[in-house]
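S.K.: Chains as they are written, first to last, in my numbering: chain A, 1 to 505; chain B, 1 to 124.
Source of the hints: derived by calculation from the structure; they are not laboratory data.
For glycine and all other residues, C-beta sits at the position ideal for the given N, C-alpha and C.
Worth double-checking, as some hints may not be accurate.
Every beta carbon over 10 Å from chain A, so not counted as near; a handful from chain B, in silico [what the hints assert, rightly or not]:
(1) Ala8
(2) Ala22
(3) Ile37
(4) Ser38
Sample of chain A residues at the chain B side, in silico, Cβ under 8 Å [unchecked claim]:
(5) Leu159
(6) Val168
(7) Val171
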Amino acid sequence: MSLAAYLPILPVIIPALAAPCALLAMRRRRLLGVGIGFASCLALLVCGLALMAQADGGTISAYALGEWPAPFGIVLVADRLAAMMLVLTAVLALIALTHAVVTHADRKGWHFHPLFQFQLMGLNGAFLTGDLFNLFVFFEVLLIASYGLMLHGQGPARLKAGVQYVVVNLVGSSLFLIALGMLYALTGTLNMADMGLRVAAIAPADQGLLRIAALLLVSVFALKAAVAPLHLWLVRTYAVSTPAVAALFAIMTKVGVYSIIRVVPQVFGEGAGAAAWVPAPYLLPAALVSACIGFAGVFVARSLSEQASYAVIGSTGTLLIAVAGWSGESLGAGLYYLVHSTLAAAALFLVADVVARRRGAYADNASPGPAFAQRGVIALMFMAAAIAATGLPPLSGFIGKLLILKSVAALPDWGWAWGVILSTTLIGVIGFARVGSAVFWKSSEGEAPPAPASRADLVAPLLALALLAALSAGAGWASGYANATAAQVLDPAQSAAVVLEEGAR
Amino acid sequence: MTYEFLVASAIGVLVAGGIYLALRARTFQVVLGLTLISYAVNLFLFASGRLVIGRPPIWDKAVSQYTDPLPQALVLTAIVITFGMTAFVVILSLRSFLETGSDHVDGDKVPCDAQDGLAEDAAP
C-alpha cells in the first residue's frame, strides 16, 4: 500500500501521538508542548486538504484497520463529507488554539494541550469511521476530552455546569448503546454500509423494533446536536467554558448533525423497507422549534457568551430545517450553512472573550460600562460576527440562508420553514443590535479598565471573520462541493460498494 | 423462555431504578442512578447476541453451536468506558460539592430537602 492509502487513518493517529508528546514536553519545556499542538493542527489541516483533494473527484476511499475485511473489521471511510468536516475541524482547531495561546488561557491548568489533541482525535475519528460501535467509541473519546476542556480553568460555576453536562452525556451514551444493541440484534452487523443493505431484509415482525432503534439513535444524535427539546444543557455549558474552548465546541453540536446526515440516509434510507426515513417526520418540527428557541435566546441574552450559545442552538435549528428536506439540493445548502455556522459561532465566542478581557468587572455582560480600549475595532468585529450569525449580506450566512430558502421552497412544508427562518433572522438582528448597542455604544460613568498589554488577542477572531469572508467570496466553489457531497451522501449504494469491496479484496 | 424473562425483567428493574435515581436532586443519587442504568445497558448489550447457555464463543472442532462473541467484546468496551466515566463523575461531583458547598445538581444554595441537614449546615 502506498502512503496515500494510509491517508484516512492519519487524522486519528496524528493527534493520538501529539497528545502524549505534548503531555511529556509540557512539564519541562512549555514552548515545545505548544509547538507540538500547533504542528499537529497544521498536519491535520494538510491531511484534511489532501483527503479533500482525493475525494473531490468523487472517489471514496475505505481503510480497513489491520487489514481485517469490511463487515467484520473496522473501516474508516473518507468521502467528500468526511473530508469537509476534517478540514473544518482543523481550521477551527487552529483558530481556537491560537486564541488560547495568545490569551494565556492554556496556562490556567496543566493539561490543556493534551486534552485539546484528544478532543481533535475524537472529532476526526467520529467523522471518518464507517462502523457504528466505533462511532460510539469516538463519541466517548471526544466527550471525555471535552469534559476536561470544559472544566479547564475551574471555578464553582464551571463545576456545576460540568456536572450537568457530564450527566446528560452519560445518559445519552447509555441510550446510544441500547440503540446499538437493538440494531446489532436485528441485523447482526455494526458496519454502517453492511447494515444499510441488511435492514431491508428484516422480518415484518421485527420492523417495530427497527423503528424504535432508529428513533433512539437519532434522539441521541439530536441530544449531541442540542435540538429543541434536548437543548437545555448547551447554554449553561458553553457560556461558562473558557472562550477558546467554547469556540472549538462550536463543532461539537455539528458532530450530532453530521451523524444524522451520515446514518439516516445510509441505514434508514430508501432501501430500508418499512423503516425508511422513520426519523424524518420528527426532524422538521424539532428543527423549527430549536431555531425559534435559539434566536429567542439571542434576543433576551444577558451576556455576549450566552448570546453566542443561543446562536449555536438557533443555527443548528436552521441547519436541520435544510437537512430535514432530505433532497440533494436542500442537504447541499445545509452543508454549506453547516461550515458557515460553525465558523460564525466561533467568531462570536472569541469576540465575546475579547470584550470580556477589556471590560474588567463588567465582563461581557450586556450592560453599558466605561469605554474600553480598541472599542471601535472590536465593535466592528462584533458587527461582522453578528451579521454572519444572523445571515445578512455580505457574509456567508446570507448566502447560506438564501440557498436554504431556495431549496426548501420545493418541499411540501416550505411555508413553515420560510416563516421560521425569516422571522428568526429578524429577531436575531434585533437581539444582536440590542446587545451590541449596550456594550459598544452606551457608556456609563466610571474608571476605564487598563488596556491589555497587546492587541494580539484580536488575531483569532479576525481569522475566523476572514474565513467567513473567504467562504462568501468562494461561495460558488463551496456550494458546488456541498451539493456534490449531498449527492454522494444520498446515494449510499456507492459508498457501500467501496466499503464492502475493500473487504472482499 | 425463562432465561429471557429473567434477564429482561432484571434489565427493566435496573432501568426503572436508575431513571428514578437519576431524576433526584442530589449528585450522589444521580451517580448511583447512572451506574444502575449502565449495568442495565451492559446486560442488554450482552443479550443482544441472543442468550445461549453452555456454548463456547471460539471455534472448536468438536463444537457445532456457538455463542456470538461480538456482543461480549462490545460489553467489555462499554464496561471499561462506563467505569472510567463513573469514576470521573464521582470525582467531579465531589469536587463540585466541596467548592460550592451544595450537592444539588442545580448548584448554588438550592435547599434539597432536610433529610440529612446539609442544607442547614451550608446556610450560615
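S.K.: Of the hints stated earlier, which fail here?
M.R.: 2, 3, 4, 6
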